[in-house]
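Participant: Listed below are the residues making up each chain.
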Amino acid sequence: MQALTNRVKVVERKPMSLWERLYIPAILKGMAITFSHIFKKKPTINYPEKKRPFSPVFRGLQILNRDEEGRENCTACGLCAVACPAEAITMEAAERAPGEEHLYREEKYAAKYEINMLRCIFCGLCEEACPKDAIYLSETFTPADYQRKQFIYNKTDLLIPHPQEDPEAYKKALGNRAKNQTVN
Amino acid sequence: MLLVIDWAMILEKFVLITVVVMASLGIAMYTTFAERKVAAILQDRRGPNRAGPFGLLQPLADGLKLFFKEEIIPNFSSKSLFILGPGLAMLTAIMTSAVIPWGDKVHFFNRDISLQIADINIGILYVFGVVSLGVYGIMIGSWASNNKFSLLGGLRAASQIISYELAMGISLIALLMVTGTLSLKEMVLQQQQGGWGGLLSWNVLKQPLGFFIFIICSFAECNRTPFDLPEAENELIGGYHTEYSSMKLGFYLFAEYINMFISSVIMATLFFGGYDMPFVNEANLSPNIAALVGIIALMAKVVFFIFVFMWVRWTIPRFRYDQLMHLGWRILIPLALFNMLVTGGLILYFNK
Ligand code: SF4
Ligand code: SF4
Numbered sequence: 200m201q202a203l204t205n206r207v208k209v210v211e212r213k214p215m216s217l218w219e220r221l222y223i224p225a226i227l228k229g230m231a232i233t234f235s236h237i238f239k240k241k242p243t244i245n246y247p248e249k250k251r252p253f254s255p256v257f258r259g260l261q262i263l264n265r266d267e268e269g270r271e272n273c274t275a276c277g278l279c280a281v282a283c284p285a286e287a288i289t290m291e292a293a294e295r296a297p298g299e300e301h302l303y304r305e306e307k308y309a310a311k312y313e314i315n316m317l318r319c320i321f322c323g324l325c326e327e328a329c330p331k332d333a334i335y336l337s338e339t340f341t342p343a344d345y346q347r348k349q350f351i352y353n354k355t356d357l358l359i360p361h362p363q364e365d366p367e368a369y370k371k372a373l374g375n376r377a378k379n380q381t382v383n
Numbered sequence: 195m196l197l198v199i200d201w202a203m204i205l206e207k208f209v210l211i212t213v214v215v216m217a218s219l220g221i222a223m224y225t226t227f228a229e230r231k232v233a234a235i236l237q238d239r240r241g242p243n244r245a246g247p248f249g250l251l252q253p254l255a256d257g258l259k260l261f262f263k264e265e266i267i268p269n270f271s272s273k274s275l276f277i278l279g280p281g282l283a284m285l286t287a288i289m290t291s292a293v294i295p296w297g298d299k300v301h302f303f304n305r306d307i308s309l310q311i312a313d314i315n316i317g318i319l320y321v322f323g324v325v326s327l328g329v330y331g332i333m334i335g336s337w338a339s340n341n342k343f344s345l346l347g348g349l350r351a352a353s354q355i356i357s358y359e360l361a362m363g364i365s366l367i368a369l370l371m372v373t374g375t376l377s378l379k380e381m382v383l384q385q386q387q388g389g390w391g392g393l394l395s396w397n398v399l400k401q402p403l404g405f406f407i408f409i410i411c412s413f414a415e416c417n418r419t420p421f422d423l424p425e426a427e428n429e430l431i432g433g434y435h436t437e438y439s440s441m442k443l444g445f446y447l448f449a450e451y452i453n454m455f456i457s458s459v460i461m462a463t464l465f466f467g468g469y470d471m472p473f474v475n476e477a478n479l480s481p482n483i484a485a486l487v488g489i490i491a492l493m494a495k496v497v498f499f500i501f502v503f504m505w506v507r508w509t510i511p512r513f514r515y516d517q518l519m520h521l522g523w524r525i526l527i528p529l530a531l532f533n534m535l536v537t538g539g540l541i542l543y544f545n546k
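Residue numbers (the working numbering), protein chains in the order written: chain A, 200 to 383; chain B, 195 to 546.
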């Protein structure tokens with residue numbers, strides 16, 4: 200039969216020679232190979248002591264942003280929840296009462312905001328959908344837990360620390376991710 | 195007069211037995227750790243390193259885990275035999291250590307204490323007898339489980355061990371013809387004298403083929419890869435210990451590691467000069483130092499053999515069962531017979 204391509208490799212099926220049937224040389228060769236692996240460098244990283252740096256586009260745990268004065272950006276428009284392919288986000292909106300201007304930047308805010316981390320696939324679409332720069336994905340990942348309900352992150356889990364009350368934690372949480380310009 | 199009991203002697207033996215048994219257990223424990231480490235290193239991994247410094251407490255954690263597991267005795271098992279099985283496996287594994295010369299002798303309290311529990315003149319035969327008994331632990335355990343898979347696993351193990359015992363015995367006959375003694379102590383003494391620091395009188399040089407057959411057979415006897423079909427858990431079912439749990443399973447696994455240790459010791463003693471440290475003349479040292487040097491030499495050899503056991507395990511895949519039987523009956527036994535005949539012929543020729 201003519202071969203269709205020139206990549207055909209003929210399989211040799213001739214009986215093994217005596218040398219090959221002795222097996223011992225082959226076994227010794229194999230043992231030499233395994234022995235050489237003793238001196239190879241191990242690719243493992245000792246995780247909790249040493250962490251692998253994330254790539255700059257890593258998408259981790261969500262963070263709800265505040266502006267420089269510490270007001271929450273989110274206006275509970277629900278665009279993130281619509282964009283979310285995993286339907287991980289739920290929220291309840293509320294109207295800003297007079298006197299709460301220092302807490303919420305917009306007139307409407309999210310009274311409840313929950314992300315189910317077991318559903319979230321960390322696609323980052325919520326970040327893209329948000330018109331207010333209120334949510335972005337950080338460089339940390341969701342820590343393990345013992346209970347399912349711990350994975351439903353509410354606003355206290357998600358909100359970034361207050362920039363004026365706790366500037367250091369704010370800086371740390373912000374990383375070099377969030378676009379810091381104010382959108383009005 | 196016959197009833198005069200040498201209490202010091204009894205005490206001395208008692209201490210020696212305790213030390214040897216404890217040492218065997220401890221070494222077997224750390225062999226499990228070494229196995230995991232060696233496996234990891236040969237596969238470019240790190241191995242257990244969380245429990246204690248360098249993971250050194252890992253065997254304790256493993257043991258503790260086994261103790262805390264639920265102890266299950268199946269309803270339809272034959273209960274006494276079910277418990278007897280692992281006990282017997284452990285017993286036979288440790289019993290072999292009685293005739294092994296761990297060192298020459300130490301001098302304490304004005305007494306010469308021989309570092310061998312019993313220097314019986316048929317040492318090798320005793321080892322063989324006890325090793326054969328090891329099959330009973332496996333067979334009884336698998337039979338008492340009252341489970342066909344356990345029984346099949348037990349049969350696999352028993353037929354394998356019995357088949358390879360033959361070739362092992364025959365390969366040793368050639369060795370016995372060379373040394374002319376059955377006592378392990380005397381064999382070591384013979385291997386101490388000789389050219390080039392005693393190295394030239396090591397039996398492995400006189401019986402290379404015999405040693406080769408012996409080491410293959412001891413791989414099979416210890417159920418180690420490439421002959422670990424009795425417990426090929428990933429393609430056949432677990433084997434004779436399918437029904438076992440908790441520390442009873444631990445005993446079976448532990449007995450296997452002790453077996454590995456003991457057979458390394460026997461290989462070192464029979465073929466590699468036992469506690470003989472090459473290039474050191476033990477007669478020039480004070481007895482206690484000489485004994486220490488001897489024990490270190492023996493342990494170094496043993497560690498090497500244990501490493502070989504593991505090295506082979508992480509290199510070669512397992513045999514198929516028919517290949518295993520083929521190798522045992524149609525290759526190793528004829529080879530051992532051939533070795534025996536050639537040895538006999540050579541001895542006759544040179545000693546005419
Ligand atoms: S990252 Fe993707 S899946 Fe997760 S909450 Fe945002 S949109 Fe939904
Ligand atoms: S996070 Fe952004 S998109 Fe989601 S509700 Fe708040 S403002 Fe709207």
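One or more of the hints may lead you astray.
[What the hints assert, rightly or not] Lysine-lysine pairs mimicking DSSO-like chemistry, simulated, CA-CA at most 30 Å apart:
1. A:K249 to B:K259
2. A:K239 to B:K263
3. B:K207 to B:K299
4. B:K259 to A:K241
5. A:K370 to A:K348
6. B:K273 to B:K259
7. A:K228 to B:K231
8. B:K273 to B:K263
9. A:K250 to A:K240
10. A:K240 to A:K228
11. A:K250 to A:K307
12. A:K241 to B:K231
13. A:K250 to B:K231
14. B:K231 to A:K240
15. B:K299 to A:K249
16. A:K249 to A:K239
17. A:K228 to B:K299
[What the hints assert, rightly or not] Negatives, chain B to chain A, calculated, CB over 12 Å:
18. A245
19. L258
20. S395
21. I510
22. Y515
23. M519
Honestly, the hints are just simulated from the structure, not real lab data.
Backbone N, C-alpha and C fix where the C-beta goes; we use that ideal spot for every residue, glycine too.
Participant: Determine for every hint whether it applies to the structure shown.
Facilitator: Hints versus structure:
1. A:K249 to B:K259: Satisfied, since the Cα-Cα distance of roughly 28 Å is no more than 30 Å.
2. A:K239 to B:K263: violated (37 Å)
3. B:K207 to B:K299: Measuring from Cα to Cα gives roughly 13 Å; hence the hint holds.
4. B:K259 to A:K241: holds (29 Å)
5. A:K370 to A:K348: Holds. K370 of chain A to K348 of chain A sits at ~29 Å (cutoff 30 Å).
6. B:K273 to B:K259: holds (24 Å)
7. A:K228 to B:K231: holds (22 Å)
8. B:K273 to B:K263: Within the cut-off at roughly 19 Å; holds.
9. A:K250 to A:K240: holds (18 Å)
10. A:K240 to A:K228: Status holds; Cα separation ~21 Å.
11. A:K250 to A:K307: violated (40 Å)
12. A:K241 to B:K231: holds (13 Å)
13. A:K250 to B:K231: With Cα atoms ~23 Å apart, K250 of chain A and K231 of chain B stay inside 30 Å; holds.
14. B:K231 to A:K240: holds (15 Å)
15. B:K299 to A:K249: Roughly 51 Å between the alpha carbons, so the hint for K299 of chain B and K249 of chain A is violated.
16. A:K249 to A:K239: holds (20 Å)
17. A:K228 to B:K299: violated (42 Å)
18. A245: A245 of chain B clear of chain A: closest Cβ-Cβ about 14 Å, beyond 12 Å.
19. L258: Holds, because the least Cβ-Cβ distance between L258 of chain B and chain A comes to about 22 Å, which exceeds 12 Å.
20. S395: Non-interface label stands for S395 of chain B: nearest chain A Cβ at 26 Å, farther than 12 Å.
21. I510: violated (6 Å)
22. Y515: holds (17 Å)
23. M519: M519 of chain B is indeed farther than 12 Å from all Cβ atoms of chain A, at 16 Å.
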